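Q: Please take these sequences and the hints and turn them into a complete structure.
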Amino acid sequence: MKALRIDRNVGKFGAARIVSAVSPGGAAKLGPLEHRTINDPAPPSGGGWQQVHTRLAGICGSDLALLDGHASAYFENWVSFPFVPGHEVVGELESGERVILEPVLGHAARGLTLPFEGASPADGDDHTHLATTSVNGIEPGIQTGFCCSTGGGWAPWFWAHESQLHRINGTASEFPDERAVLVEPFAGGIHAALMAAPVANRADDPVVAVIGAGTMGLAAIAGLRRYVPNVRIVAGARYEHQRRLAAAFGADCVAEGSDLDRAVRREVGCHLIGDPDEPILSSGAHVTVDAVGSAASIADAIRITRPGGRIVLLGMPANVTIDLTGLWHREIEMRGAYTYGTEKLADGTTTSTFKLAIDTVTALEAEMLVSATYSLDDHVDAIAHAASAGRRGATKTCFEMRGS
Amino acid sequence: MPRPGFVLDVDRSTPPTLFWRGEGFSLERLPADRSRIIYPPEPLKGLDHLDHHIRNALLNPIDMEPLPALLKPGMRLTIAFDDVSLSLPKMRRPDNRQRIVEAVLDMAAEAGVDDVHIIAALGLHRRMHEYEMRHVLGDRVVDAFMPRGQLYNHDAEDHENLTVVGETDHGEVLEINKRAAESDLIVYANVNQVAMDGGWKSLVTGLASYRCLSHHHNPESLRNTKSLMDRHHSALHHSIWRMGKVLRDSGPAVFQVETTINTEAFPSPFEFLAKREWEWTAKDRALFLGTSKALNKMPNTTKRKLFHNIEAPYRTTSVQAGYTESVHEITLQNVHEQHLVEVEGQTDILTMGIPFISPYNPESIMNPILVMCMGLGYLFNMYRGKPLVRAGGVVIMTHPTYEDFHPVHHPSYIDFFDEVLADTTDPAEMSTKWEKKYAEDDWYRHLYRTSYAYHGVHPFYAWYWGAHGQQHAGRVIIVGGHAPAVRRLGFTPASTMSDALEIASDVVGRNPTISHLHVPGVLVADVK
Amino acid sequence: MLAYIRRVQRPNSVGRRSIRVAQRASGITESALRRAAMPLARRGFPYRKPTVPRSVEVPKKPSKLGGAYDTEWARTPIARAMRGVIVEGPMRLAVRTLTSPTVHGLDRLSDLERAANDNESPAPVIFAPNHHSHFDTGLVIRSIPAAWRRELVVAAAADYFFDAQWKAVISALSLHALPIDREMTGRSTSDRLRDLIADGNSLIIYPEGGRSPDGWGQEFKGGAAYLAARTGVAVIPVFIDGTSEIFGKGAKRPKPGRTTVTFGAPMWPGDNENTRRFNARIQSTMERLGDEALTDYWTASRRAAGGNSPSLTGPEYSSWRRQWQLGDRRRRSPSGRRRPRRRTWPAL
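Protein chains in written order, with this note's numbering: chain A, 21 to 424; chain B, 4 to 531; chain C, 2 to 349.
The reader is advised that the hints may include incorrect statements.
Okay, the calculated beta carbon distance ranges per label pair [as the list claims (entries may be wrong)]:
1. D224(A) / T171(B): 38 to 44 Å
2. E133(B) / K65(C): 55 to 61 Å
3. K65(C) / T305(B): 57 to 63 Å
A short list of chain A residues far from chain B (calculated; beta carbon distances all over 10 Å) [what the hints assert, rightly or not]:
4. A41
5. C168
6. I300
7. A316
8. S391
Stretch-level coverage of chain B by chain A, calculated; a stretch enters the list once three of its residues show a Cβ under 8 Å from a Cβ in chain A [what the hints assert, rightly or not]:
9. 383-390
10. 411-420
For the record, the hints were derived by calculation from the structure and aren't laboratory data. Quick caveat, the model's predicted, so the values are computed rather than measured. Every residue, glycine too, gets a C-beta built ideally from N, C-alpha and C.
A: In structure tokens, the structure reads:
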């Protein structure tokens with residue numbers, strides 16, 4: 021089949037990184053991603069595998085980081101080249117049922133025992149299975165979309181294990197594909213939001229700041245509003261349309277990115293200390309969710325989080341240089357938020373993040389966030405659009421393969 | 004012989020008119036045969052031997068004993084003086100306040116008075132920097148009293164140092180600086196640049212607390228202040244005068260020294276800026292062109308530095324001292340003599356250029372809120388009788404209105420712009436919804452007391468100052484302003500004057516009559 | 002064990018060597034000059050000056066020096082231009098480096114400065130400073146606002162500054178000095194001064210008459226008061242502090258330090274005030290000004306009001322106690338002390 025595939029080519033990764041400095045989408049042309057005819061992936065051994073025909077596959081920030089060479093070398097061990105990217109997928113089974121993909125290649129998919137009863141693919145605290153070839157022949161890979169054995173979403177079809185599939189209840193008009201493709205990113209955001217819950221629930225008037233209102237930031241805002249009671253959400257977003265969406269999704273106060281510190285100060289009522297351009301709050305937000313993950317945003321998060329508070333790092337950072345003195349001095353905790361799995365809610369019930377995500381996207385009618393779709397042939401434009409999404413007023417960009 | 008102000012009817016031979024535009028100028032042509040320009044009176048001649056006149060006033064006051072008779076050894080003397088919001092621009096040294104304070108101190112020394120405190124009566128304005136104290140009071144007074152802790156800024160948030168003097172029959176509480184209230188005599192050194200200031204206002208606002216000020220610094224009072232320059236029709240001044248009576252009856256003796264200044268605001272060779280355009284010489288025109296072009300090329304910080312370094316060669320036109328109310332009547336006569344221009348009737352549109360300075364940003368940046376305050380607050384209120392523009396008419400101002408704020412002087416203004424104005428521009432609504440939060444914020448209070456910041460509630464006052472203008476005008480347009488900031492203020496942005504007139508035609512039709520207030524040059528229009 | 006004692010180096014070895022060098026240099030110059038002058042050595046009159054016969058009485062020419070020195074040439078345009086260059090160049094640099102002055106009280110002069118219309122210069126005044134050092138004149142000239150500095154005359158002691166031709170030329174050219182007789186100010190001198198003032202020149206005259214011998218002030222003579230009454234111009238007292246430490250009377254070399262110059266408010270004689278009383282008033286104002294310069298304005302005002310201003314002339318003690326008291330007074334003012342050396346942290 022003809023699909024988008026990333027080959028391991030150090031030169032191309034380097035070129036992509038350099039070009040991305042001047043042109044965000046230029047990496048797509050010079051980079052390691054190619055639209056070519058590839059060998060169909062062989063059906064993995066062991067039962068439970070199904071062919072999934074892609075309907076919509078989203079482009080995520082981590083995909084963009086990988087394509088323009090900014091992803092960390094850390095991932096060397098967790099991907100197997102050459103692979104077809106694409107992990108935010110809504111597809112169709114042979115039987116015609118529409119499914120949403122939970123892309124993590126977990127224990128079940130790899131023929132291993134689950135860490136506990138009813139575990140989701142991403143649960144467990146030992147990542148051996150993700151970095152080694154499994155007994156059933158699945159090569160290393162954290163998710164579908166990073167593994168050479170299964171294929172990925174940016175192709176007409178791929179292999180998915182039963183444990184990765186969530187069947188959609190409802191027709192295309194009741195539960196559109198555009199809504200379904202957002203379930204995976206929303207699950208990530210909600211997982212981050214639930215990480216804020218323990219700290220927020222300890223405080224009387226919790227204030228949670230969210231830096232960045234792209235898809236992940238908006239998902240975190242939605243998750244906070246729905247699943248963390250009593251919280252006041254202060255969001256900082258660079259672009260006008262992002263601010264509108266943040267307010268629509270439940271943020272109490274939305275400010276421009278550079279004014280987030282003053283907005284948090286107004287909420288909390290503390291002092292600003294030091295340089296007026298980059299002041300440090302004397303107190304601050306109980307939790308800050310950083311949905312950007314750059315050196316600047318982490319530094320901002322340290323400045324605006326209360327001493328003893330928590331930073332949830334949702335955006336994927338790469339190799340960043342940060343002054344951690346503030347973190348040490350303010351005794352702030354920083355937690356990474358990568359994926360989703362099984363969640364324990366405030367009222368004690370256990371559920372999977374994906375279920376919460378499906379509820380959330382339904383309630384918010386999140387399909388409005390899909391701004392543009394492209395065919396695989398137009399991948400250069402698609403990547404360029406996704407890379408400059410904010411500036412161009414877009415949120416989520418997808419590849420579309422319906423009707424082919 | 005200085006000529007009085009007059010109203011010019013614009014015709015086709017009228018040259019373009021000078022408009023202030025922040026730190027710069029522009030020349031605009033107003034439509035012929037339906038526009039009029041109100042020119043201010045020329046500066047009156049000042050007094051010679053000002054120190055003699057001051058000494059004379061202290062020895063021959065009005066309705067009070069001469070000052071030496073009031074000074075006794077062992078008494079507590081407090082001298083209060085107008086803060087850095089006057090004069091605009093700052094006077095050349097020595098300032099009138101320096102002369103008055105030194106004359107009073109000489110007499111106090113002769114009488115053997117030791118316990119003297121000198122307080123800057125700044126109300127909720129920012130504290131004065133030391134260099135500003137030196138400019139206003141001179142090095143001798145500052146070097147003698149500041150190290151001893153006897154010269155300082157009034158602190159309205161120092162609750163241990165505030166005391167209630169009494170209450171008016173309208174329930175307004177007069178709460179002022181404790182040291183002043185418990186003195187045997189307060190001497191006030193005033194510079195009366197406009198009719199709004201002086202009289203009881205000096206002490207009743209300058210040394211007051213937030214609680215006391217909120218009785219008259221509120222949207223209701225300011226909407227009924229018509230105008231700020233006419234105390235007989237001003238709810239603000241009525242309230243202040245009531246409190247003044249309480250001060251007179253229950254407070255310490257007050258010896259008010261008031262001086263009035265003329266309008267010589269520009270040092271040579273720039274005095275032509277206040278001149279009528281058809282009287283500009285070739286040298287003036289060349290200087291104007293050179294200066295405007297140079298200003299256009301400069302960055303904002305350089306321009307501001309240039310303008311804020313101007314020291315106006317103001318001459319003093321009168322000095323009087325004694326009982327506050329009697330003294331103030333004479334002061335107002337002198338102020339009106341310098342400022343009043345008789346004008347017949349109102350027009351559909353009022354145009355004015357907004358200068359780079361307002362009473363709330365000396366040595367600082369004029370942020371958008373202060374543009375509104377200066378335009379709809381001060382310049383709109385430069386009238387007696389009726390406003391120059393009819394009710395529902397259009398006000399057109401020129402100013403770049405950049406979104407720059409001084410982080411040290413105006414921290415609460417930044418949040419006011421981001422938070423309050425994004426929510427509402429209605430003074431009544433913001434007063435109920437937001438004013439308390441800003442007035443009681445701990446950080447703003449800390450900065451007001453220890454740094455050089457205006458009080459947290461001050462942006463609200465700046466906004467209320469324009470409440471009457473805002474209510475009266477049907478539409479407000481800012482020419483040449485930064486559009487997002489202008490919109491945030493609730494006004495309409497326009498790029499040129501003709502665009503502004505086009506936009507105004509929605510409200511006032513295609514052939515509106517226009518009045519232009521020719522500032523530079525302070526004037527008060529006496530509208531019949 | 003022998004203790005090794007290092008011999009102290011002879012302190013004058015360096016000085017001795019320089020003397021030897023100087024001697025040799027002057028010797029060479031001398032022999033060169035002698036050789037150059039040899040042709041003339043054998044000649045007489047008219048190549049050389051004539052000798053006078055014993056029976057002839059040569060009338061003594063009236064001395065053109067001293068009080069009679071004519072300084073009119075110093076007011077020609079060329080001389081003025083040269084003076085301008087000297088005052089703005091070498092004098093400015095010398096005043097700055099040697100005396101590092103801080104000037105106070107200039108705002109007291111603003112009204113007089115501004116009284117003139119824009120194109121005219123302000124009316125002349127008489128500056129009356131106290132006197133401790135030769136540097137006082139240069140210091141005062143550099144401290145006076147530019148509007149008056151250009152047309153200044155300094156009244157200088159005829160017996161000190163005008164007793165030799167070279168001294169007279171330098172004083173008249175660089176300082177625009179006018180000779181006055183210290184003991185008796187003659188009619189002609191005061192007429193000359195009055196005419197110069199009427200021409201628009203301001204005057205610097207030291208009421209004490211000469212430099213203080215011991216650091217305290219001296220009683221004021223009436224010259225400034227008399228001229229003010231005759232010409233109707235204001236007297237401005239000027240208090241200089243610190244120059245006695247830098248180059249006081251009897252000092253060999255100047256020691257750079259800091260000074261303050263404080264201008265007082267202009268004074269005019271009262272309606273019924275004779276010269277003597279006006280002079281006494283100027284002296285008491287100077288006492289108050291000195292108190293203000295050394296403490297602060299308010300203390301000075303109160304002490305003056307109570308008649309307690311510390312006297313300029315110091316206590317009526319014998320010599321060592323006067324000196325002792327002087328040291329006490331000096332301690333209060335920061336002037337006169339050498340610039341403090343920068344403290345460096347010790348290397349650890």
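Q: Against each hint, give a clear statement of whether it holds in the structure.
A: For each hint, the structure was consulted:
no. : hint                          : in the structure
1   : D224(A) / T171(B): 38 to 44 Å : holds (42 Å)
2   : E133(B) / K65(C): 55 to 61 Å  : holds (56 Å)
3   : K65(C) / T305(B): 57 to 63 Å  : holds (59 Å)
4   : A41                           : holds (29 Å)
5   : C168                          : holds (51 Å)
6   : I300                          : holds (13 Å)
7   : A316                          : holds (20 Å)
8   : S391                          : holds (24 Å)
9   : 383-390                       : violated (count 0)
10  : 411-420                       : holds (count 4)
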